[in-house]
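Q: Just so we're aligned, residue 0 is where the sequence shown starts under numbering that gives the first Met the number 0, counting upward by one.
FYI, nobody ran anything at the bench for these hints, they're computed from the structure. Misleading hints may appear alongside valid ones.
Taking lysine-lysine pairs in the BS3-like style, the calculated list, with each CA pair at most 25 Å apart, reads [stated by the list, open to error]:
#1 Lys45 <-> Lys75
#2 Lys75 <-> Lys101
#3 Lys101 <-> Lys34
#4 Lys34 <-> Lys45
#5 Lys13 <-> Lys45
#6 Lys13 <-> Lys3
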Amino acid sequence: MHGKHASVINPNNKLPVTCTNCHGQPSPQHREGVKDVMRFNEPMYKVGEQNSVCMSCHLPEQLQKAFWPHDVHVTKVACASCHSLHPQQDTMQTLSDKGRIKILRRLPQRSAHQSEL
């Protein structure tokens, strides 16, 4: 593991977070683009599918306390649209509320494919 998740404990099983916690178990064909490993911010995965992976550890109550738009956008915008998955520090956490709102306004409208939950 690398980035911010490298030293995190999975709240569901109390073990260190591994690649498979977020990306799933790969098949031998996963490098060929087979839909077996979660690839965040990819159109082949619906927003709900992507965000459900994040929400398995990042609880909605905590996100609501941290910043209100999480509640509003959880079914419309993929978490990975704003948050980097493997950063040393998530740049969204360093922004002011006004800065975050400015970014949210720039997000493209969800596509018909992504809006399916």
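Q: All hints, please: hold or fail.
A: Structure-based check of all given hints:
no.	hint	in the structure
1	Lys45 <-> Lys75	holds, 10 Å
2	Lys75 <-> Lys101	holds, 17 Å
3	Lys101 <-> Lys34	violated, 33 Å
4	Lys34 <-> Lys45	holds, 12 Å
5	Lys13 <-> Lys45	violated, 28 Å
6	Lys13 <-> Lys3	holds, 17 Å
Hint compliance for this structure: hints 3, 5 are not met, and every other hint is.
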